[in-house]
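Novice: Here is what each chain is made of, one letter per residue.
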Amino acid sequence: MNHPLEKYLRMEVFPSPFCSGCGHGILLSAVLRAIDGLGYSMDDMLFVSGIGCAAWIPSPHFAADTLHTTHGRAVAFATGAKLQNPNLKVMVISGDGDIAAIGGNHLIHAARRNIDLTVICANNSVYGMTGGQLAPTTPLECFTSTSPSGNTEPPFDLCKLVEGAGAGYVARFTVAHIHMLIKSIKAALEYEGFSFIEAVSPCPTQFGRMNAVPSPVDLINMLKKDFVSMAKYNKMPLEERGSLKPIGEFVKPDVRKSKAG
Amino acid sequence: MKYTTETIPSALKPGDYFMMGDEASAEGAVAAGCRFFAGYPITPTSELMVHIVKRFEEVGGKFIQMEDEIGSVGAMVGASWAGGKVMTATSGPGLSLMMENIGYAAMTETPMVIVDIQRAGPSTGQATRPGSGDILQVKYGSHGDYEIIALSPWSVQEMYDLTIEAFNLAEAYRAPVFLLADEGVGHLRENFTVKGEVEVYHRPKAKGLPPFDTGDEDMIPPMPAFGEGEKLLITGSTHDEWGYRKTQVSAVHDRLVKRLVNKIRVNAGKIHRWEAHFIEDIEYLVVAYGISARAALKTVMDLRKEGIKIGLWRPITIWPFPEEALKEAAEGVKAVIVPEMNHGQLVREVERHLSVPVHPIAQVDGEIMRPETIDIRYLILDI
Amino acid sequence: MNVMFCGFGGQGIVLAGVILGKAAVFDGLNAAQAASYGSEARGSACRSEVIISKGQIVYPHIERADILGVMSQQGYDLFQEKLKEDGILFYDDSIVQVKDEVPFEQVGIPATELAIKEFDKRIVANIIFLGAVVGRTEIVSMEALEKAVRDNVPEKFLEVNLRALEIGLKMG
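Protein chains in written order, with my numbering: chain A, 1108 to 1368; chain L, 298 to 680; chain U, 10 to 181.
Since the hints were made in silico from the structure, they are not lab data. Backbone N, C-alpha and C fix where the C-beta goes; we use that ideal spot for every residue, glycine too. Take these hints with a grain of salt, some might be off.
List time: in silico SDA-like cross-link candidates among lysine to any residue, alpha-carbon distance up to 20 Å [to be verified]:
(1) A/1293 <-> A/1344
(2) L/543 <-> A/1328
(3) L/528 <-> A/1118
(4) A/1331 <-> A/1297
(5) L/543 <-> A/1122
(6) L/606 <-> L/625
Some residues of chain A that are not near chain L, with every Cβ distance over 12 Å (derived) [claimed, not checked]:
(7) 1109
(8) 1124
(9) 1174
(10) 1191
(11) 1193
(12) 1210
(13) 1217
(14) 1249
(15) 1257
(16) 1264
(17) 1290
(18) 1317
(19) 1321
(20) 1342
(21) 1345
(22) 1356
From just these sequences and the hints, can you work out the full model?
Specialist: Below, the structure is given as structure tokens:
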């Protein structure tokens, strides 16, 4: 029997290029499970991605229209396609370097316009494809190939950034919280406006090895430990939060409406 | 594959109009069927954007003011693949930012029209003053090998006509096409004539064929749109005929880049446009384009009154350069003079194709080329 | 016929040239209008050139002007050398002080003063000035000029501008 997601994939391109233990394969399947759950047709979907490992999640794996763009520009390309043909369901999937560093300007302006796009930022805290360089999402003191003595620059909180810019749906989950992630992708796709999900995904090859956590299992367990529910996080005294980060839906359409009202 | 043609009524009522070149170009775009514009404000081009916004409100059309020029061309690629005829307009500083995605458009064979109203550079330079320093940038500005098409208007009439032509060429050859104008023409107001009908081209379409190489002789593959069920794979990386990345296969890269270059080079004879004035029995030939050609024609007419046998040859297609026509026009002349509002850009192309002495004349002071700058009597005495 | 208007940004110098050019086209003539100005929207030196011709306009810029209209002292000082010896210089005499010993004819128009007095709107001085130039020289027809004003002025300012034009035409 075939895998139930095969109909969404170009099977001839497998195996995927992702390293063993990379979280992007889990994210790939989460996106397709969300689409499957919603009953969307891949013929109505357009997947846009930039440059980097995560940009390869849709291109060439997804059996749909895919636009693999220049580095950082996926959101701008997606904006044009959506504007020209509003019937397209447009999803951007790309990495943190792509979307938050070189593409940061396009990201905040698309959020400001609240244009109907779903942007999934696969955040692995590092530039994987080019050899493990510092990203704007690398946590403080972490080691990368361009911060050999530890990172001294505070990272972006992408969800706060995009919320501040005006996005109508903002969430963070990790690939270790797969059911919540799928549910969130569904909510993002259903929202008619700019939706953003930071999908935290481990990179054992570049980030793990350089930070003494080379085992994929350890990295997944770290995600489970380091990311706590928004409700729990909010109740925690500040001194207990430390390097913990909240997951959850930070901006939801109804919440936003009540804020505006 | 071949593009299709259609004759449609002109968007403007036929007749004579008095408009700025920037505005006439916007009218040409509307006439050619352009209904998508992504842009960013810049002097001396903003008038085009402002005018097309106004016209889109009348005729329907999608407009977006992007966060920068990088985003403008990105949005155009997305919209072009979503089926639209797309345009942006800029000037030097914006053009520099656009280069990244113009290379992407060339690589993915995405039709689009980019209007460059050249101003005096480098850098911010003189925002409101003319220049023609982008002649080489439009051809070579993005990295790697590719060919583009660039048309150079010298009047408001041509700002209208050549914008229509630019859209048709973009559709026919699936390539980015520049309307390579200058501030002198962009901000000039003149009367121009709008005819009743316009011939427009539409990109080749076909179902189930590879969108990046069909093996056809003319090298132009069909271009489906997003949402048509073709499961398009579009990438700026080296790709095969179906769009699959083949970045490690030298034969695929070789074939792809050769076709990107040759689809313009082999068809250059069909793309070339030029114009000659007073070139019978000449001893001297002026080669000029854009607003400089207006000054050159004035000089030529004045010198001919004095009995000097001089003529003007004006490339309308700057890229691909119409070298055969130039060789014919320059046959047997003593010298060729190339006045430009830069320190010698197109003159290199002229020199490359001719064996007679070629004299560049540079006027780079932020003023429109003056007829007296091209006064070549001193040259004739020297020769 | 080569006409040049000079002043500073915000006076409507460019608009005066545009209206004149358009009027010429309404009269069935060829026209070319070009402007030179700085990036600032207001206050920088600015000039507007109009060429009107029955035949083809080869070079769309003015080497020597038949008519020079100046609405700033700087315009007068800088551009009077562009005027042909048999040309006419129009100047806004509420702004510009002219020299006596010049080879060409000088005509003073109190455009700004009248604009303030009649309309309490400095901004219509350009239309009064243009009206006076055309009234005196008849380079375009009155009908075409009025049509061009209607074409270029927003509806809510039209009446004021048409009255300003009339004042100008009469003065010329």
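Novice: Next, verify each hint and record whether it holds.
Specialist: These are the hints, each one checked on the structure:
no.: 1; hint: A/1293 <-> A/1344; result: 32 Å, violated
no.: 2; hint: L/543 <-> A/1328; result: 36 Å, violated
no.: 3; hint: L/528 <-> A/1118; result: 14 Å, holds
no.: 4; hint: A/1331 <-> A/1297; result: 27 Å, violated
no.: 5; hint: L/543 <-> A/1122; result: 15 Å, holds
no.: 6; hint: L/606 <-> L/625; result: 17 Å, holds
no.: 7; hint: 1109; result: 18 Å, holds
no.: 8; hint: 1124; result: 10 Å, violated
no.: 9; hint: 1174; result: 5 Å, violated
no.: 10; hint: 1191; result: 4 Å, violated
no.: 11; hint: 1193; result: 9 Å, violated
no.: 12; hint: 1210; result: 9 Å, violated
no.: 13; hint: 1217; result: 9 Å, violated
no.: 14; hint: 1249; result: 30 Å, holds
no.: 15; hint: 1257; result: 33 Å, holds
no.: 16; hint: 1264; result: 21 Å, holds
no.: 17; hint: 1290; result: 27 Å, holds
no.: 18; hint: 1317; result: 26 Å, holds
no.: 19; hint: 1321; result: 27 Å, holds
no.: 20; hint: 1342; result: 38 Å, holds
no.: 21; hint: 1345; result: 36 Å, holds
no.: 22; hint: 1356; result: 27 Å, holds
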